[in-house]
Structures are given as C-alpha cells and as structure tokens.
Amino acid sequence: MGLFKADLYRSFAIGFAIGTAALLGVMGIQSGKSFSAQVIPAAQAAPALPDQTR
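So in this note's numbering, spot 43 of the sequence shown is number 47, and the numbers just go up one at a time.
What the hints contain is simulated information worked out from the structure, not anything from laboratory work. In this text, all values refer to a predicted model and were calculated from it rather than measured experimentally. Fair warning: there could be bad hints in the mix.
FRET-style restraints, in silico, Cβ to Cβ [stated by the list, open to error]:
no.: 1; residue 1: G19; residue 2: A47; range: 33 to 41 Å
no.: 2; residue 1: A10; residue 2: V30; range: 27 to 35 Å
no.: 3; residue 1: Q48; residue 2: L27; range: 21 to 29 Å
no.: 4; residue 1: A25; residue 2: L53; range: 44 to 52 Å
no.: 5; residue 1: F20; residue 2: V43; range: 13 to 21 Å
no.: 6; residue 1: G19; residue 2: D55; range: 27 to 35 Å
no.: 7; residue 1: T57; residue 2: S15; range: 56 to 64 Å
no.: 8; residue 1: M31; residue 2: Q56; range: 54 to 62 Å
no.: 9; residue 1: A46; residue 2: L12; range: 37 to 45 Å
no.: 10; residue 1: P54; residue 2: G19; range: 52 to 60 Å
no.: 11; residue 1: A49; residue 2: F20; range: 35 to 43 Å
no.: 12; residue 1: L53; residue 2: L28; range: 22 to 30 Å
no.: 13; residue 1: K9; residue 2: Q48; range: 21 to 29 Å
no.: 14; residue 1: F16; residue 2: A49; range: 40 to 48 Å
Each residue gets a CB set at the ideal place from its N, CA and C atoms; glycine is no exception.
Please build the complete structure, drawing on both the sequences and the hints.
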C-alpha cells in the first residue's frame, strides 16, 4: 500500500499538462514576440546617483 493512490498522481499530471498548455496558449496570444522576450525583460541600467560618502 502506497502513501497516495495512483488516481492522485494521474490527476496531478493531467492538471499540470492542462495548466502548461493554457499558460503557453495565453502567452502566445498576447503578442508576436518570442517566448524568451516575454519571460526575460530587457536589461536597464540604474540611474547614476551622486557620491554621498563625503
């Protein structure tokens, strides 16, 4: 007798697959950008601040 029944694992796998498909579908619909451009934002430099150590 296992800790969990096989139905729990099956339901988790089906839910994970449906959730992944829905997430990728929504991200694909939003714009024509590539997947990496949506996930990783463009780098921006911080504004230069005056030296306040003196």
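Evaluated hints:
no., hint, result
1, G19 x A47: 33 to 41 Å, "holds, 35 Å"
2, A10 x V30: 27 to 35 Å, "holds, 31 Å"
3, Q48 x L27: 21 to 29 Å, "holds, 26 Å"
4, A25 x L53: 44 to 52 Å, "holds, 46 Å"
5, F20 x V43: 13 to 21 Å, "holds, 19 Å"
6, G19 x D55: 27 to 35 Å, "violated, 54 Å"
7, T57 x S15: 56 to 64 Å, "holds, 59 Å"
8, M31 x Q56: 54 to 62 Å, "violated, 42 Å"
9, A46 x L12: 37 to 45 Å, "holds, 42 Å"
10, P54 x G19: 52 to 60 Å, "holds, 53 Å"
11, A49 x F20: 35 to 43 Å, "holds, 38 Å"
12, L53 x L28: 22 to 30 Å, "violated, 40 Å"
13, K9 x Q48: 21 to 29 Å, "violated, 50 Å"
14, F16 x A49: 40 to 48 Å, "holds, 43 Å"
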